[in-house]
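Undergrad: Model the full structure from these sequences, guided by the hints.
Residue numbers (the numbering used here), protein chains in the order written: chain R, 16 to 227; chain V, 16 to 227.
One or more of the hints may lead you astray.
Identical copies carry no separate label here, and so any pair may be met within one copy or between two of them.
Said to hold, decoys possible - Only pairs whose alpha carbons sit at most 25 Å apart, straight line, appear in this in silico SDA-like list of lysine to any residue:
id : residue 1 : residue 2
1  : Lys37     : Asp167
2  : Lys50     : Glu73
3  : Lys50     : His222
4  : Lys193    : Pro58
5  : Lys50     : Phe169
6  : Lys37     : Arg17
7  : Lys201    : Gly52
8  : Lys201    : Pro97
9  : Lys134    : Leu39
10 : Lys154    : Pro65
11 : Lys193    : Pro97
12 : Lys37     : Asn173
13 : Lys201    : Val79
14 : Lys193    : Val44
Worth flagging that the hints you see were computed from the coordinates, not collected in a lab. In this text the structure is predicted, and so the values were computed from the model without any measurement.
Protein chains: 2
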Amino acid sequence: MRLYGYFRSSAAYRVRIALNLKGLEVEHVPVHLLKDGGQQLQPAYLSRNPQAIVPSLELDDGTVLTQSLAIIEYLDEVRPEPRLIPADPVLAAKVRAVALAIACEIHPVNNLRVLNYLKGQLGHSEEDVQEWYRHWLLKGGLEPIEEMLPGDDFCFGNAPTLADCCLIPQLFNARRYKVDYDHLPKIMQAEASCRGLPAFEAAHPSHQPDAQ
Amino acid sequence: MRLYGYFRSSAAYRVRIALNLKGLEVEHVPVHLLKDGGQQLQPAYLSRNPQAIVPSLELDDGTVLTQSLAIIEYLDEVRPEPRLIPADPVLAAKVRAVALAIACEIHPVNNLRVLNYLKGQLGHSEEDVQEWYRHWLLKGGLEPIEEMLPGDDFCFGNAPTLADCCLIPQLFNARRYKVDYDHLPKIMQAEASCRGLPAFEAAHPSHQPDAQ
Chain R
16 MRLYGYFRSS AAYRVRIALN LKGLEVEHVP VHLLKDGGQQ LQPAYLSRNP QAIVPSLELD
76 DGTVLTQSLA IIEYLDEVRP EPRLIPADPV LAAKVRAVAL AIACEIHPVN NLRVLNYLKG
136 QLGHSEEDVQ EWYRHWLLKG GLEPIEEMLP GDDFCFGNAP TLADCCLIPQ LFNARRYKVD
196 YDHLPKIMQA EASCRGLPAF EAAHPSHQPD AQ
Chain V
16 MRLYGYFRSS AAYRVRIALN LKGLEVEHVP VHLLKDGGQQ LQPAYLSRNP QAIVPSLELD
76 DGTVLTQSLA IIEYLDEVRP EPRLIPADPV LAAKVRAVAL AIACEIHPVN NLRVLNYLKG
136 QLGHSEEDVQ EWYRHWLLKG GLEPIEEMLP GDDFCFGNAP TLADCCLIPQ LFNARRYKVD
196 YDHLPKIMQA EASCRGLPAF EAAHPSHQPD AQ
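TA: So, in structure tokens, the structure goes:
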């Protein structure tokens, strides 16, 4: 399998964590979102992913899967151990809800292309964009997510799930944009639990071959 | 079960379609997003859904599930017929990818609270907001989604899936904001196939008790 990604993309980062947790090896193909006017906009990549976003997972038969959460659900179906989505339907719904709260409420609004639209088409300052980022990260996202967590070692229970695969990349972004979340103890606990794990460490943006 | 929703929320609309397709009856509890300063911000609702968004599904034992896609996955697990997510893992990934392309790339960026931020905090005109809406709906969303569809009667195959549950509410929004998508024949075909079905018709915003 080949994973088309970008070291700093938090959606690609989610999939790297999931692949590592399941012990699946893939070929990593970097798609640089800033170089060459955006390599994701070139025909070679668009033919695989018409949305022009990363990641994409190319299976050995050439089938291309897109959307990080759909890719992780696929991996969980074809390689169920360790399970990233619990077997119990109610617990599965709670895990997915946290993953979706990150993937739908925080990430899209604070995506590079949205920030670029605010700066470009709408002419906003860095300060406006920083305040936008902070607002949607905390009020729209991490603060309500804190309320959705039971307060276990990881997001849910004593092992990582899909929720942790989504949370850790989002926290990496929070730190990068200097947004504090020390007032959210359950999120801090889940982050501390993941930090020691090789699957999370190896997926970190700074350890990717395309990291600059 | 109780569904907390709002007639015009496309996330609630998705869940209504899924419930109808599965023949599940629920009590509908309206949460008016504009009245009383936003009923979703009142403590009674926040205690169920800290994200202050609709929908929420309250099970008979009081458990509350949130995030429309997580709710539909739950319904598909506890009431598998008719399946909204195909059993085949690759096809499931493709269906989920279209659902997520709508739920993650279009909907959050064009959500009422984001449009309000653009108008309020950032002081933009109706024209700016309309252009923002159109841009993310088409370029960020429906146009690439057209490329992701195989061109069947419905989004995938000859029966509705999770993808159709997400597409139809998004198209309702497109029409409401007067954004044309006649140039997207596969999306038009899926819409035409769903239009005749009672499950979709009964879920339409105009048929909800809280519709004004």
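Undergrad: Hint numbers the structure violates, sorted upward?
TA: Going through the list in order, the structure violates hints 4, 5, 7, 9, 11 and 14 and respects the others.
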